[in-house]
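**Student:** Listed below are the residues making up each chain.
There are 2 protein chains.
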Amino acid sequence: MNKHGGYIGEEKDEVLDFSVNINPLGPSEKVVNNLKESLNDIHRYPEIDGAKSIKHIADQLKITENSIILGNGAIQLIYLFARAMNFKKILIIQPTFNEYERAFKLAGGDVEYHILYPKSNFIIDINKLKDKMYSTNPDCVVLCNPNNPTGVYFDKDFIEDLLKISKEMNSFLLLDESFVDFLEKKSAIDLIDEYDLFILRSLTKFYSIPGIRVGFGLGSEKVIKRLSKYQEPWSLNTLALKAIPDIINDHSFNKKTLEWLYEERQFMLYELKKIRYIKVFQTYTNFILCRLRKSSSYKLQDLLLKEKIYIRTCEDFNGLDNKYFRIAIKNREDNIKLLNALQTLDIN
Amino acid sequence: MNKHGGYIGEEKDEVLDFSVNINPLGPSEKVVNNLKESLNDIHRYPEIDGAKSIKHIADQLKITENSIILGNGAIQLIYLFARAMNFKKILIIQPTFNEYERAFKLAGGDVEYHILYPKSNFIIDINKLKDKMYSTNPDCVVLCNPNNPTGVYFDKDFIEDLLKISKEMNSFLLLDESFVDFLEKKSAIDLIDEYDLFILRSLTKFYSIPGIRVGFGLGSEKVIKRLSKYQEPWSLNTLALKAIPDIINDHSFNKKTLEWLYEERQFMLYELKKIRYIKVFQTYTNFILCRLRKSSSYKLQDLLLKEKIYIRTCEDFNGLDNKYFRIAIKNREDNIKLLNALQTLDIN
Chain A
803 MNKHGGYIGE EKDEVLDFSV NINPLGPSEK VVNNLKESLN DIHRYPEIDG AKSIKHIADQ
863 LKITENSIIL GNGAIQLIYL FARAMNFKKI LIIQPTFNEY ERAFKLAGGD VEYHILYPKS
923 NFIIDINKLK DKMYSTNPDC VVLCNPNNPT GVYFDKDFIE DLLKISKEMN SFLLLDESFV
983 DFLEKKSAID LIDEYDLFIL RSLTKFYSIP GIRVGFGLGS EKVIKRLSKY QEPWSLNTLA
1043 LKAIPDIIND HSFNKKTLEW LYEERQFMLY ELKKIRYIKV FQTYTNFILC RLRKSSSYKL
1103 QDLLLKEKIY IRTCEDFNGL DNKYFRIAIK NREDNIKLLN ALQTLDIN
Chain B
803 MNKHGGYIGE EKDEVLDFSV NINPLGPSEK VVNNLKESLN DIHRYPEIDG AKSIKHIADQ
863 LKITENSIIL GNGAIQLIYL FARAMNFKKI LIIQPTFNEY ERAFKLAGGD VEYHILYPKS
923 NFIIDINKLK DKMYSTNPDC VVLCNPNNPT GVYFDKDFIE DLLKISKEMN SFLLLDESFV
983 DFLEKKSAID LIDEYDLFIL RSLTKFYSIP GIRVGFGLGS EKVIKRLSKY QEPWSLNTLA
1043 LKAIPDIIND HSFNKKTLEW LYEERQFMLY ELKKIRYIKV FQTYTNFILC RLRKSSSYKL
1103 QDLLLKEKIY IRTCEDFNGL DNKYFRIAIK NREDNIKLLN ALQTLDIN
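For the record, the sequence lines run as chains A and B. To convert, note that position 141 of the first sequence is 943 in our numbering; the numbers rise steadily by one, no gaps. To convert, note that position 286 of the second sequence is 1088 in our numbering; the numbers rise steadily by one, no gaps.
Be aware that one or more of the hints could be misleading.
Quick list of in silico lysine-lysine cross-link-like pairs, DSS-like style, CA-CA up to 30 Å [stated by the list, open to error]: (1) A/LYS966 / A/LYS1031; (2) B/LYS864 / A/LYS1024; (3) B/LYS1027 / A/LYS890; (4) B/LYS934 / B/LYS864; (5) B/LYS857 / B/LYS1125; (6) A/LYS1027 / B/LYS814.
Bear in mind the hints are in silico, worked out from the structure with no lab data behind them. Computed from a predicted structure; not experimentally measured.
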């Protein structure tokens, strides 16, 4: 297992954690209050497959319940997908979240990379990707969109082009949209019946409830049926199931979050770009990839931790090195603390 | 997925659910209060592998932390074990919990049964089992102890005899002790380093918290290392991790539970045996297997549900039929309601 998931040192209550990409506006009071109430129900088993909560998601997304599967966090669904689909050759678009590779390798798959580079701002050239697909002949391509840790978003037309190429090659697409809620209405959800596509969605990052573990996946009925066959019963706990109806319909929280992010992302990108020793990459979501021009991100991490600020170094992402780091966008007060610390650091 | 995990009808708050084997004394107020507090922490990721909670279990059981793995309920560990160990031939001692078979088959294993019979009160004849093992040559034997749904407990000497036979044959033992806390100090835990043995333990049944999903497994360092390699990160939620230290050291709750069970089990066995149309099997844990002499358990289930009482029919267990049913032992007031209903039913 890796070391990530936020700062876990003893003094974690005093450390500003920019290493995890969690919405700073939540969880909402309503969600927490309802979870408190649901503690009265923990002497019962949770619903075995979460059918009632699935219904709420289906209604909200206007799709059939048979296109949805719940996960003990989106991460359970990555491993479940790898296991159930049993692909032999997988092409992962890198740098990206490391767990795809681990999941497919554990399931016995042969993993290849299509690496994106900083000189092209980590954007995909569809022709190069197509060439790579023709030369590697993958059963499945994996894309995280918006991509963690680069923050790049590939638009719907691009996704559909990629799906068309995949269809020609009889290849599947695993599309991780764990951060898509931070953009407005940009999911590829309406393509699940037309293409061999499985979409991952997370509810914990946008709604600030990573502690209770809840995500879901979207695919054709055939795909969902196959995944369900392989899933452990009672995968979701009572609180996760209870939270779904509350959060999935909380339009005011959604609106407030997108307003916060629009404002704060502009502010952070503008201010970070003033700092000479950092190269800042464009982002479309709630975190920002940066690169130190000279020093290593370990050194920066150490110096910031003395100021009780924690960042994510990125040396473990394929295609990045020990000069990269990632920061979450937080609320203005916290963001200013980070900016002040960065501005006054003596790093060479 | 199966249909079990308790009564889930709309009027579930009014129905006495004897179908799930949950301790009626819990969850304790202390546990619920601490879980309420831990809701302040759900905006953070849970610890990725639950190392701090594992330390509490290790201290309590006086074993090394490297012998312990946590699970999103013991059920996650059944599937993880099947997947990670990748056994080809598995011998399951039946009738028993159905998920072992599903887990091993999904992992590509070939499953055989050693079926126990009511005429011998579902007790294992070690010589017959040995013959079966020699004729089937399993990589792994699966035993639930005390066994669900028969309530039979196989003592430590028996388990060690079985392990010796397994060792001769180079076979593994999966020993599910999910209900062992309902007996005092009877785990096979001190054998994990001497034999190829993996023990499953549940914390949700004894401590009445099935809603938050928490179990653990015990094995040699080598086995635990292998299972950890295959486990999804962040499998346990924040509340499950938080509950472990509270419950694992709650000696007064343990004592109270064992006192309740001793008293109530005697009472229930004595009273049930007075009912002519039921055959009652001896039990060593917190549930009782019964068999109707003439009628079907579906009919009994229907009739009882009219009295707002729900029981578990057992037609889906290998070796049982539609005359069997299982009831949990609850508190005196609820037990009397069940007994009264059974005594007045007109079932032929």
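**Student:** Is it true that the CA of A/LYS1027 sits at most 30 Å from the CA of B/LYS814?
**Tutor:** holds (28 Å)
**Student:** Between B/LYS864 and A/LYS1024, is the straight-line Cα distance small enough, at 30 Å or below?
**Tutor:** Between B/LYS864 and A/LYS1024 the Cα gap is close to 48 Å, so the pair fails against 30 Å, i.e. violated.
**Student:** Keeping to a limit of 30 Å between CA atoms, is the pair of A/LYS966 and A/LYS1031 held or broken?
**Tutor:** holds (28 Å)
**Student:** For a C-alpha distance cap of 30 Å, please report whether B/LYS1027 and A/LYS890 respect it.
**Tutor:** holds (25 Å)
**Student:** Has the given pair, B/LYS934 with B/LYS864, been kept, meaning a C-alpha gap of at most 30 Å?
**Tutor:** With Cα atoms ~36 Å apart, B/LYS934 and B/LYS864 exceed 30 Å; violated.
**Student:** Taken at face value, is the distance from the CA of B/LYS1125 to the CA of B/LYS857 at most 30 Å?
**Tutor:** violated (45 Å)
Of the numbered hints given earlier, the model fails hints 2, 4, 5; all others are met.
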